[in-house]
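Given chain B's structure and the hints, the job is docking chains G and L onto it.
Chains B, G and L supply the protein sequences, listed in that same order. Whatever position you read off the first sequence (first residue = 1), add 22 for the numbering used here. Whatever position you read off the second sequence (first residue = 1), add 5 for the numbering used here. Whatever position you read off the third sequence (first residue = 1), add 204 for the numbering used here.
Hints in this document: simulated from the structure, not taken from any laboratory. Note that beta-carbon positions come from the ideal geometry of N, C-alpha and C, so glycine has one too. Some clues are possibly wrong.
Pairwise CB distance ranges, derived in the manner of DEER restraints [to be verified]:
| id | chain 1 | residue 1 | chain 2 | residue 2 | range |
| --- | --- | --- | --- | --- | --- |
| 1 | B | Ser36 | G | Thr310 | 34 to 42 Å |
| 2 | G | Pro246 | B | Thr44 | 49 to 57 Å |
| 3 | G | Asp463 | L | Gly229 | 21 to 29 Å |
| 4 | B | Gln66 | G | Lys123 | 31 to 39 Å |
| 5 | G | Lys416 | L | Ala456 | 48 to 56 Å |
| 6 | B | Thr82 | L | Ser317 | 27 to 35 Å |
| 7 | L | Lys467 | G | Asp463 | 47 to 55 Å |
| 8 | B | Ser36 | L | Pro243 | 19 to 27 Å |
| 9 | L | Pro243 | B | Ala47 | 30 to 38 Å |
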Amino acid sequence: MNELKTAQAGTLESNDIMITLTPGAEGSGVVIELESIVLAQYGQAIRKTIANVANEQNVTDIYIKAVDRGALDCTIQARVLAALSRAGVILQKELI
Amino acid sequence: MNQVTNAIGRDLPVSIEGYGQVRPFVGAFATAPDMLRQAPKVKRILPGEQKLVNDIETVFKKIPVTDGMTLSFHHHLRNGDGVVNMVLAVAAKLGVKNLTVALSSVFPVHAPIVEHVKNGVVTGLDTNYMSGSVAQAVSQGVFPRPVVLRTHGGRARAIECGQLKIDVAFIAAPAADDYGNLNGVEGPAACGSLGYAIPDAQYADHVVAVTDHLVPYPLSPISIPQTRVDYVVKVDCIGDPKGIVSGTTKITRDPVGLKIAETTAKVIKAAGMIKDEFSFQTGAGGASLAAAYYVRQMMEEAGVTGSFALGGITGYMVEMLEAGLFRKLIDVQGFDLDAVRSLAGNSNHLEVGADYYASPFNLGAAVNKLDVVVLGATEIDTGFNVNVVTGSDGVVMGGSGGHSDAAAGAKMTIVVANLLRGRLPIIKDKVLTATTPGETVDVLVTERGIAVNPLRADLYEKFKAAGLPVKSVEELKELAEKIAGEPENISSGEKIVAVVEYRDGTVIDVVRQAK
Amino acid sequence: MDLRRTMLFMPGNNPGMLQNGGVFGADAIILDLEDAVAPKEKDAARLLVAQSLKTVDYGTSEKIVRINPLDTFARKDIEDIVPCKPDALLVPKVESPEDIQEVARLVAAAEKSGQAPVKLIALLETPCGIAEAYRIAKADKRVVALAFGAEDYTASLGAKRTKEGTEIFSARTIVVNSAAAAGIQSIDTPFTDVNDREGLIADTQLAKQLGFKGKLSINPRQIDEIHNVFNPTEQDINWAGRVIKAIRKAEAEGSGVASLDGKMVDAPIVARAERILFLARLLGLAEEVVL
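The following block holds chain B by itself, in its conformation from the complex (with noise of 0.2 Å):
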């Protein structure tokens, strides 16, 4: 996992996420730092999404920044996917 890059993928517009990934240190695991127009209602609900694609694709020591104007599960799992794949992860093809 330390080889994992500094990424980014997805947009600020309306429908779209934000996902910034950073290798963390060793042991840290997964950790996840959202911003959302709709925290309150999918807060939750985003944050497992997020966790989920890192998990299936065995990603873990890493930091991801979230900024959601929001995108549906879909467009999430897209964008973090994109954003692991520009990090350097080889993507497990069968999962997506």
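What follows is chains G and L alone, placed relative to chain B:
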């Protein structure tokens, strides 16, 4: 705690501190009037006496404005208004306290009200719509007493029937003469119709015109007559034109909004309403105004001449009047320069007071003659109750305005809304703040289907026969939640920050402090 | 016969548009990975389109993905997108039958077992593409339509693109003819002035008259207008009904030749009448089953 449940299932306290006894909503037409009209004291002015006063401070001293009074204002200068802030600044300077501000709609420009509340100058607010920092402050519980939220028709009724007793009405007048004849179609701050000021002028104890454009006597046309005006104050500027009227209001370009608008026109056609003498009201922007575009196309194709268009008037409606698609426009508020121009020059463009527009307690408001009204919503529930007061985060961001009035009066009430606003489903089991009761809402049009109130089986049959995508409101709710996921319900605090009155003065819901 | 009266482009890196694609009632939705997406964002768009194909409900619209050209990102696009089960791929800048055959090979390799074969639509946007139109149409069984892209085409010609379209007249008729000769559909170029309703209707009427079966579209506001033009009119439907009646009458009388309004009704006329009635019933414009 003593509670009562109203006719749409909202639990309300029996009495609310800072408001009084709660008369619970019992049905859209269930509460009948039972009173005489408010009767201001008869006054006189002798020949040769002057009404012109140098400044607002002088007016305050002459009346005199004292602690605890109710001062009223109209909102025709919208976000360009300068008069409210001017008057309250004088109140603060003179040390007046505990005022109630009865301002028909609050805009971001009225932000100084928050300071006045913190300083005790203003302790009460009575309004039909709130936006900007005042709305946020209300939601945060800054006001010592709950705000009273009315409808446009309800405010007129409350003034006429004595529930909202106005001590001094300050009327921002784009044009005035020295004897107090007023209109809104002339002057640098021309705003069009002065409809929301008309009840205030008729029933307030004192009426003060504030103008920046004094014309030689007598002014014409006369929207508010000299016979009810005590003082005329000339100031340098009553408001910023750029904030008062937009150049022209444009219909939305958003493809989903346009799709909703087009479907709405098809709904109106399928209901059999595109025919001669058709009457129509629509909102000022978004999908509601776009609906006017498609309705116009249908009217042109069918060669139909409508009777009247009603409400807040935009340039688009003026175009339709000038194209002969409607015989008359009934105007309670102008939104843009075209509306102002048309009111000034076209005798088929009528200015009416808020009472004539929408009051439930008179011998017929204009909304009663409406065939169709197209309205927006922040939320709607499976009982078709509509929220236009709070956003889904619980913060106040609006108010009924004419929503509940038009919904009650129109033969067919259509609410248009994106099924998902951003990620948020617009259909709930129960809206956060009920404003317009479901029994007055007939159809919901979204981009993914149409729902018809079960009370209107007649419309349901017509829409199905026309091949329109009709679904049950529960199905639409499920569809939205399938796409977006089920939202968590947000919780609010305990303190009641606003009381939502229905047009007849009964309480349809309350707004609690946002968390 | 698949309805492709309208094929609506949606930018592949725009979640707001992708999730609403099914709302507009287009016969086909094109999730665009090519011109609508900046080179830096091709990877993100590919993932977004893949997710959208799997989760967004596009209703009855055909799901098409416009991949990138073979000389840029087509391989990766096909590899990642095909397993997500699009109905078809729109292949841009096709210049030769070999282009199509290469794409077909890549698609076959990427398809999962049991997956319905992904169709191909060749977008002809260059003089070479137009010159090879018939051979491209015949290049592979998967090819179900030829589409024409006039903007790039006129740029290559060095001619000015006009609304009236004389400069693309030949190319249009070549595309129609080549597709027809190969037994597949032809789809016309988009009308790019979104605010010109009259111009759109005129251009679409011309396309219909030339024999195109549909039109590419770049804005949802165009969908209903284009459908109105391509839909059979009441007159068409009445005429078609009378043709079929005439045929039946002739058959019943044992006569070999049917006639209508003093003219002989031969096979091509019957075929046209049948197509109109088929479309009419599909669109709910005609109720009785005449055939």
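Hint by hint, here is what the structure shows:
no.: 1; hint: B:Ser36 - G:Thr310: 34 to 42 Å; in the structure: holds, 40 Å
no.: 2; hint: G:Pro246 - B:Thr44: 49 to 57 Å; in the structure: holds, 50 Å
no.: 3; hint: G:Asp463 - L:Gly229: 21 to 29 Å; in the structure: holds, 27 Å
no.: 4; hint: B:Gln66 - G:Lys123: 31 to 39 Å; in the structure: holds, 36 Å
no.: 5; hint: G:Lys416 - L:Ala456: 48 to 56 Å; in the structure: holds, 54 Å
no.: 6; hint: B:Thr82 - L:Ser317: 27 to 35 Å; in the structure: holds, 34 Å
no.: 7; hint: L:Lys467 - G:Asp463: 47 to 55 Å; in the structure: holds, 49 Å
no.: 8; hint: B:Ser36 - L:Pro243: 19 to 27 Å; in the structure: holds, 24 Å
no.: 9; hint: L:Pro243 - B:Ala47: 30 to 38 Å; in the structure: holds, 34 Å
Checked against the numbered hints given earlier, this structure breaks none of them.
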